[in-house]
Each structure stands twice: as C-alpha cells, then as structure tokens.
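Novice: Below, each chain spelled out in residue letters.
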Amino acid sequence: MAAMRYARLLCALVVCGCVGTESPSANNTGGTLAISTGGDPDVLIPSLVQSVQGAQITDMIYDRLADIGDSLNIVNDKGFTPRLADHWTWSADSLSIAFHINQKAKWHDGLPVRSSDVRFTIASTKDSALGSPAAPLISSIDSVSTPDSATAVYWFHARSPQQFYDAVYQLPIIPEHVWKNIPPAGWRASDAAKNPVGSGQYRFVRWIPRAAVELVADTTNYRGAPKFSRLIWSIAPDFSTALTRFLSGETDFLEQLRPENLAEVAKHPELRTKQNHALQYQFTQFNLRDPANHARPHPIFGNRELRRALTMATDRATLVRSVFDTLALSALGPTVRAYPTTDPNLPQIPFDLPRARQILDSLGWRVTTSDSVRSRNGRPLEFTLSVPSSSKVRVQLAVLLQEQLRQAGVKVNVEQLDFPVLVEKMRKRAFDASIGQWNTQPSPGAVRGSWGTAGSRATSGNNYGSYENPVFDAYVDSALSSFEPATRKAYFTKAYETIIQDAPAIWLAEPIQTVGYHSRLQLATMRPDAWWAHIPEWWIPADKRIPRDNAPPSATPAPALPAGQKTP
Amino acid sequence: MPWQTQDFAATSGPTWPRESPLALGVRRILRKPSSRVAFFVLGVIVLVGLLAPLVAPYNPAAQPDIVGLKDLPPSLAHPFGTDPYSRDVLSRVIFGARVSLMIGVLATIVSLTVGVAYGAIAGYAGGVLDAVMMRVLDAFLSIPRLLLLIGVLVAWPRLSIGALVLFLGLTGWFGLSRIVRGQVLALKHAEFVTAAQALGASRRRILWRHLLPNLVSPIVVAATLGVAHVIVLEAGLSYLGIGVPQPLASWGNIIQDGADQVATLWWMSLFPGLFMVLTVMTLNILAEALSDAYERR
Amino acid sequence: MLRYIAQRLAQAAVIVAIVAAITFALIHLAPGDPFSAVMDNPNVSETVRQTLRAQYGLDRPLPEQFVRYVSSLAHGELGWSFSHERPVREVLGRALPNTLLLMGVALVGSFTLGILIALIQVARRGSVTDQVLSGLSLFFFSMPDFWLAILALLTFTYWLPIFPVGGAVDPVMHEYLGLGGRLVDRLRHLALPALTLTVLASAAVARYQRAALLDVLPADYIRTARLKGLTEREILRRHALRNALLPIISLVGLSFPALLTGAFFVEKIFAWPGMGYAVVNAIGTRDYPLVVGGVIIGSIMVTLGSLLSDLLYALADPRLRSH
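Chains as they are written, first to last, in the working numbering: chain W, 1 to 568; chain F, 1 to 297; chain G, 1 to 323.
Keep in mind that the hints were calculated from the coordinates and are not lab data.
Computed from a predicted structure; not experimentally measured.
Be aware that a few hints might be false.
Unchecked claim - According to the in silico footprint, chain G covers these stretches of chain W (three or more CB under 8 Å from chain G):
id: 1; segment: 32-45
id: 2; segment: 211-222
id: 3; segment: 244-258
The C-beta atom is built at its ideal place from N, Cα and C for all residues, glycine as well.
Bound conformation, chain W alone:
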C-alpha cells in the first residue's frame, strides 16, 4: 500500500449515488466507523503526507480554508465551500485573495485559529529544509500577509484560472504554536507528529503503528459535531488480512476491492460495493535518456518509432481485462476520463503485432539468434522493467507485459523493487522502464510536472522518463492559462494527441475504484479525488448499532491541554 503514491489531484466526473440521504430523525449521531486498510499512514503532517492513509487521516484532523465542491471545479472559486475561512474577497486585480478566518474555529488544544497559522502553513511548506512534496504545487503563491489576526491575504505571482484552487486545495492549515519551535528537518520525528493537533471535525486519539489509528468526534467543533463519534483505521499487514477483517465484520469499510474478491463479497448479504471513478492511471514508462549518461538518448527508447512499435505489440485491452476484469478502463494517455477537459475518444496507437514486428525489422532489430530475441549490431533488444514489489497489480502487469513483448522478440527482465528503492532509482533517472501510477489531482495541470519539460531536468521533477516535447508543453500551458472551458479542452486534446503519438509510455489502465462497505453504513457522496471527504456526514441508524458502536467516546483522555483550557 505504500506503493499508492498520493499526489493530490482531482477531476470532474461527478459520481453520484448518495446512498443514505439524511434522515430527519435526530438520533443519527454516534457509533464507530472501522475502516480496513493495508498499511500505516506515512506521517500525519499535511504538508509531508504522501500515502493515501495519511491523506485520509489528516483530512479528518485538519481543515482547509475552503474545500473543493463535489463538482471538482478548479477554475476560480465556484463550488468551493467555506471551512476555516467563513468568507473571502478577491482584490480588484485578482492578484490577492483575503480570507477571513471563522472566529469560532479552535485548535483541538483549545487555542483559537489565527491568520498567523495560515501564514505559517504556507511559509513552512515553501521552506526547502522541510522538503515538502506539496511545495511545487503552491509555487503560484508568493506569500501570505496578515493585516489582523482574523485575515490572511494570499498574494499570487500572476492571475491564473486555478489560483484559488492552488491556495486552498493543496494544504490544510496547521497550528503555528505547535510547530514553530521545531526545526523543519525534525518534524517527522517530533512528538508533535505523533500527537497531531488540528481544527477538523475529528481529533486525534492514538496511532498504534501497524495496528490502528483512532480519531474521535470533536463535539464542540465550529462546524458542528460529525455524525460518527469514532473513526478507526484498522491497519492490516497486507491486503489479504484487510479483506478478511472486512468480510468477517471486524471492519465496516474497505477502500479497494479487487475483481477476484467480488464473488466473495457477494456471498455476504450484509456487504455492499460501490464504484468510484478515482483519479488514477497506470502506464509503462520508458526512460528516454541513457541511464548511464543523461546527455545521451536511451539506446533503445530514444527512438520514437521503436516506442510506438512496443505500444503496438501490447494487447492493452486483454492485459487490463486480465488484471482488473471489468474494474478498469484502458488508459487514454496521461489523463483520466473524469476531467471535463478529457476527450474520451482520443486517437490511440492500435494493437497490431505484425506491424510492430515489421517496424522493429525495419529499424534493424532482427532475430538472428536461436533464442528469438531481436538484436542490432550485437546489442540484444532487452531491457529491465522495474516494479514496486508491494503492488501486486503492477507486478502482475509487468509479468504479463513481459510475455506479450516476448512474442515481438523483445526480452523484458522484470525487477521487483521495494517502493522507496524504486522511487530513488526513478529520481536519479537510473532505470530502463517501469510500471508507474499517478493518483492525480482535480486539476489536469499536473501533467506539467509529470510529463512536461518542467519536470524533466530537475531531480525533484516527476517526469522520470525525461520526455521533452516543446509542442506538448506549449499546448498544456495554453490550456492552463485559458478561462474558457471549450478552449481548455481543445488545447488539452492537442496536447494529449501529441504525447500519445510520441509514445513515451504504454498507457495501460484507468482503474475504477470499488469500495466495499457494510450495509448498516449510510454513506454520503464519494468524491473522486478523495472518497473520504464526506466521512463526517456518514452515519449509522440507531437500530443497526452493534456493541462497538456503543463504546464510550474515548477510552483514554485526549492529549493534555494547556492549563486553563477546558474540553467537553
């Protein structure tokens, strides 16, 4: 599960299906929501979080200034709902936005939320000593000023359609008084990181590594008390255990079912499943630069025709069906169908094995040896495909791909690496090819970093394969600076068409997230970027409660409070 890279992004296909609409009955608060998950959160500091689990938990503990609407609109502030900011005002030139902090908002330790906390959040994230992965995502923000304790003014470098989204979506606000005296390099290891203090509707109780994370309702929260009085992430060591706990009723919710589990879930009449068009796509990424010398093109993948031939030799539809059954669509390109700017009919390089063989022949890669591996000037057509060993899905894709390319005379060596090791290798551009996945954000602009020249040269850039095409970059930039939806879409379509034909990757799958839940749960809308966003509105009818729902609110006292502060 560590392999689930979480780079926050979003989309716009609205997944509807509010299972339970709110009942008028007053007694819908209380109860325990137990969530099965396959790994620990990495860290519980919003600006450092990279795992999905970490994002789920910090999103409950911390609040943003405003939250994105279910429509996932990212242009201007349409659809955004107030959180810590009860209102905001745009300056006339739109180069600054003044957020007014809700005066009832308090940190879980009792201190009020102030504008200085907002300034601190942005400033600390931009501090390179912290090494926040969110830093590049807020580069459009110049600074935050605080004319008074209730007002935080965001200053932007330039006017852009997504400036409001950049300001509020990327970072929940953290308390200055907790963090200011800790050197940034020591945040992860600090005691404060083990007892997070936020302002969200749930407060932190405990984190027992590899066992559980527990939160309780903040009953005096400025936004009102949430419905469930307790949230528990039951951390299993692996997917199999997480599934068993869900099936046995030990937990109520499992965020990702695999196709082979659906039959088993169907045997349990009390369990339900639901699909969520999460914003993720998987692909086989080629390194276009020589791993040994970045100044040179890759001896194999430097050639566009060859990359196209490899795509042609891959039966993507069958591959996706084998791994996901019906729970994924073929990927279109570096994007997801959920973006309103994505044209679902983007032209693709077709599966055509004979043509692929022909191209490879014409490029001089011919079968000469008895082992039927092609070679050119004595160099065999052979490469290493690296996958994270923690992701069975990607391991599976790699082994299947290995066999398909073998039929075209290409030798693939599958290399399973632990996730951190793989990331390090990609970061140093020291790989041949890998199976990657982007869990993307509501904004399609994330491609700038992951496939644009901007993300290619710097080692902190996410464009590991060093695909560089100024035409693609230009189309993406034009799309992002345009306020007009139709124009945005037209430019993105041009950009995607360009990159698909250049084939810097074999676009594989766009998985459809399938969650499993107990029928006693009344879910609210699941947001594609974050199914958990509306957990505070989930509830459980009084007649469906089981013993664990009636546990007292908290078995141990919440973190000690400063003298003079009182808690409910």
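Dock chains F and G against the given chain W, drawing on the hints supplied.
Specialist: Using the frame of chain W, we list chains F and G on its own:
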C-alpha cells in the same frame, strides 16, 4: 541410485580409501523399510526435477490465456490449478523442484568445503589458533542463520542465484566444522595416527590420508541434513521476497506468488509446500538412518 | 564453579563483541550507503542527506566509525529507524515483549507436549502408537515454519473462522474492553500463533527427548531397578526421565535459535507485533539500521539463552558442580 553416491564422492576428493564408507552406509540403511521408502520417494522427486522438461505437462513460463485460464482451482487439466498469469502450477512445482534441490545441493557443497577445512585446521592446529577460531565460530553460531542471511541479502539486494547459493553455503558450515574439529581432536591422538607420525608421514599427508576418511560418516549425515535445511531456508527467503529472483520458479517463490491471496489461491501455497515437506522428510529419515548405520559400525 | 561461571560470562561477552564486528562489517560491505535508499523523498535536499551522514559518522575513517559504533552499542543505541521515525531501540524495545511472550508460551508448551509425547512413545516403544507419533513428529519437524503458519492461518481464520486474523489485539475494540475482556481478547489473538510455534517446536523436542530416553534405558541403574521388580512405567518415571531431563536444560538453550527463527515467520504471517515482524517489515522498507538491530538483539538472545542453559546445567550436574 548411483547418482547420489557419485555426487558425494565427487565432493570429497579422490584420496578416499577404496571401500567407501558411503557405500557401506547406503547398504545398511536400505535394510530398513522406512528408509527404503524415503530413498525411493526422494529419488522420484529428484528424477522429476532432473527430467522436468519431459515430465511437466506445460511450459512453466507460458501464459496461454491470461483472461480465461487465470486463477483456476485444481482440475483434471491443471491438477495443481493455475496462477494469476494462467501458468500451470504443477509444471512450476516440477521446475521448482529443480531449482530448490539444486540450490540445496550446491550450497551444501560450499558449506562442507568450508566447514571441513575450518574444523580440521582448528582441531589439528590446536592451541591459541584453535581457541580463537572456536570463539569466532561461537559468535557465528549465536547469530540465527535466518537473521544473518536477511542482514546480508538486504544489504545486497537483487543477487544472482549463484551468489545466493554462495551465501546460503557460507552461513551453513558452523555446526559441521565444530563436529569436524571434535573428531579431528579425538583422532589426532588415536593409535593409527600416532603410528603414521612415527613412520614419518608429513602433517598434510596425515590430515588428508588418515583423518579425513574417518570424518566421512559425520560429514555425510551433516550433508544430508544440510540439504534439507537449505531447502527450507531458501523457501523462507524466497517467501520473504529476498531469495530466488523471479521469474525463476522455486517452491518458496510459487508460495510467494500466491501469498497476498492465500485464501483465494490456496492451491499455490498448498502444493509446493507439500513437495517441500516430502523432500525434507525423506532427507531427515535418511540422515537418521545413516547416523544409525555408522554408529552400529 | 565460580570460575566456570566467570569463564562462561567472559566467553559470552567476547561472542557479543564479535557479533558487533560482524554486523559492522555487514553494514560497511553493503554497496552504497544504507541511507541513500531510505530517504525516498525526492524533496529531501542533499544538505539534509549530508547532515544525516555526518550524524552517523559515515564520513569518518573506518576505525573511528567502528569505535563510534561499538560505543553506541554499549550504550544501547542501535541507530535510527527511518521507517518508524523512532530510535531502533524504541521500536525493538516495544516489540521484544511480544516476541518473548510468544516464545515463552511456545517454549513451555512445546517442552510439556514434546516430553509427554516422548514418554508415551518410549513406554510403548515399537508399538503402532510409537510409530505413528514418530511419523507425526517427523512430519512437523520437516515442515517449514512459514508453511505451517500459512496453513494454520488458512484453516482457522478463513475456512473455520474461529480465530481472529492477525495482530496482538483487536485494533478496533481492544481499548474499550474491560480488564477481563482485554485478557480474553489478548488470549484469542495469542492462541493461533502460539499454537503454531508450539507444534513446530514440540516436534523437535519429542524427537530429541525420545532419543535421550532410549539412551539412558540400558543404563546399569535402570537394569537394577528392573531387577528390583519396578514396573516399566515406574522405571520410566522415577529413573529414566530424571536422568533424561538433564539434557533438556541444554536443549532449552539449543532450541532458542530455532524458536526465534520460527517466531520470525509466525510473527510475519499472523502480524504479531514482535521483533520478527518489525524486521520483516524493515526488509521491505530498506530500513537497514532496524534490520541490523534485529540481528544484534537476536544474537544476544541466543547467546544469553545458551549461557543460561549452560549455567543451569552446571548447577544441576553433580559432576560439574564439584569443579
């Protein structure tokens, strides 16, 4: 089964006396019905491994139909079921036998070589050298072998299979060398050695011609147990994902392939494991019978 | 006797020192440095990396590093676990009691069960019962630890779901149970891993003990007892067992490495939050300091185990006592 005799004879050098104690051991243990069965079963497993390409019903690497034939439970066509890549598990277990047994035997050869040399030198030299060598040995013995291997394999990720064999062998000789040293110490003062010394034989000649042959029985027993131990260790390491690299199939590897879906793909854990238990059991029976046979001599 | 104890203690200290040298060599023979792989965050700057390396002395000459290493070991410092964001000592310190509990239960259980089986076998040696029990103990003795654990998990949590599927406690409910409830919860979670480890270890004990009993049966005093007209059962209980128990003490020491290895896999498969589980997880995250810490603690446990059993043996054995 001449192959086994040859294997061991080849490892022990040509200076052995004509009437090999091994032949004696084999003759003796075959009198016992339980060891006869064990011998037969082990022979079948080894043969199956050796003749894998002829015996296996399918190509162990082929993915005939990745949509229609994946994750199939055991059936007539696939007695051990298929894996998530539609590969035949029986064929993989058969080819896995090859890899697992080969690693077991080769690693044991490494252990024997190092262990005998170390023990013989320590025992024969005596004095300070012996004391130092024994303390170092104690230290190695007190590091659990699995942990030591994990320490090594994590430091050197993605080892070739040859290096894996080497490490398995290099962590397996500690116990044996202690036995060898004890035997050498006891024999050093035995009459026939004293006699040889009196006749002016060189130290090296005494070591090779007189001492080593007398070590054969403990070595054969230790080798048999050693192979069993390495098979189990290798499977454990492969199960942890740091043993035999994919796509090569070993018994531990096949179990690992199905490990994240044990409940759904139970056949991927059950069958390779059964083969492993059977092999290890027969090796244990034979080791026990061998040591009985030598004691009775 | 005192001299023997002092000698044995000194020996153990030397062994631990050599183990430290071996682990140090392990760290430094490894390709690359153990920190580059762990710091996976692309945004960690090179300066931070350098600071970390300096902190761990990785930029100093080797002999100095070794001195630093040994002195920090002597102070109980095992380094910093990257995956836990905590000192290794703290991670292992938290895990160790769970491992000791598991091993302790299995130790007591397997010796009781193993000796009992051996007694039954020897009392009826040659009978069908003896042979069946021999076969069974050989079967379990030959079973790879992890495979038996997988089978136990499959059988008793999936097919016959009578035990919970992993962990030391119910992560959702445990904190909310009363004292009695917590105890029951703990026992329910302990049962399956402890049982698995017990079965694995008792097979070895039974085999060893059976052989030990058969060894002493032909002894003179037993022949005398037989002449005195004692029944076979009385002989077994009064004489043979007592004498065959002495080797048991050394078997306890000998079984430590095997138990530890067994606990390792059992912990992994049942997600039992012990030392083995911590180390297995550290393999995946390339948390090298934690792996090495596990190797050191494991070795110390084994050394202590054999030291203890040797000392006990010396106390129990009249021949050694006179020394």
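Novice: Taking 8 Å as the C-beta cutoff, is the stated coverage of the segment 32-45 of chain W by chain G satisfied by three or more residues?
Specialist: holds (count 3)
Novice: Count the residues of the segment 244-258 of chain W whose CB lies closer than 8 Å to any CB of chain G, then report whether that count reaches three.
Specialist: holds (count 5)
Novice: Against chain G, does the segment 211-222 of chain W show at least 3 residues with beta-carbon separation below 8 Å?
Specialist: holds (count 3)
The structure is consistent with each of the numbered hints, conforming to all of them.
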